[in-house]
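J.: If you want the building blocks of each chain, they are given just below.
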Amino acid sequence: GAGVSQSPSNKVTEKGKDVELRCDPISGHTALYWYRQSLGQGLEFLIYFQGNSAPDKSGLPSDRFSAERTGGSVSTLTIQRTQQEDSAVYLCASSLAISRVTGDVRQYFGPGTRLTVL
Amino acid sequence: GIQVEQSPPDLILQEGANSTLRCNFSDSVNNLQWFHQNPWGQLINLFYIPSGTKQNGRLSATTVATERYSLLYISSSQTTDSGVYFCAVGRMNRDDKIIFGKGTRLHILP
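So the sequence lines, in the order shown, correspond to chains A and B. If you read the first sequence in our numbering, its first letter stands for residue 5, the second for the next number, and so on. If you read the second sequence in our numbering, its first letter stands for residue 35, the second for the next number, and so on.
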């Protein structure tokens, strides 16, 4: 079956421009996560959505970052006025459930979007 | 929030060797996953193991939740095992986010 997909796979932009990154989770998955990974580093949590609940935005590094999830499916991560330190791979993951009481909580990751800010 | 520490940070082994990777966490969790990130960057879920022991081929994992650690065992290493292994934990019953450790970078020499 189809996995998590992300687009674009690569994005090069100039400092100060806005970018939008898209994530299509696995169909039926209620939880969706965004992470950021700088070169050679671990995964930094950004935000997660669970069903119709308010998202946990505690990992967003500044107010230039925002994300939305429409219709409980596709999510868009927007970075406004990009800076060079925003350069990283942005990873999206989804899981069937947020609570193991209700189902499978394993995360499945997309291939990522490599963002380069010049 | 929960702290996750993985050790060792780097490991270089000859093909055929066995290895043990460790994940320590600072609070009780009921979600623990191990991932492998291949050299092309793709993250693959290896195990969901909040407690107990699981095996899948040459890989096995054990989590001792009461002592707040998990171990990933790789036997008879192959060059395709190279990459970074991440441990990720969460307290899902409290709708908490899943936090990743910094990973163990494994390099298997032919």
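Rather than coming from a laboratory, the hints here were simulated on the basis of the structure. Glycine included, every Cβ here is placed at the ideal spot set by N, Cα and C. Check before you lean on any hint, since a few could be wrong.
[As the list claims (entries may be wrong)] Cross-link-like lysine-lysine pairs, in silico, DSS-like; alpha carbons within 30 Å at most:
| hint | chain 1 | residue 1 | chain 2 | residue 2 |
| --- | --- | --- | --- | --- |
| 1 | B | K136 | B | K88 |
| 2 | A | K61 | B | K88 |
| 3 | A | K21 | A | K61 |
| 4 | A | K15 | A | K61 |
| 5 | A | K15 | B | K88 |
| 6 | A | K19 | A | K61 |
| 7 | B | K136 | A | K19 |
[As the list claims (entries may be wrong)] Far from chain B by the CB rule (all over 12 Å, computed), these chain A residues:
| hint | residue |
| --- | --- |
| 8 | V23 |
| 9 | S31 |
| 10 | L122 |
[Claimed, not checked] Derived list of chain A stretches under chain B, where covered just means 3 residues or more per stretch with a C-beta under 8 Å from a C-beta of chain B:
| hint | segment |
| --- | --- |
| 11 | 83-93 |
| 12 | 110-119 |
J.: Need the list of violated hint numbers for this structure, in ascending order.
T.: 2, 5 and 11
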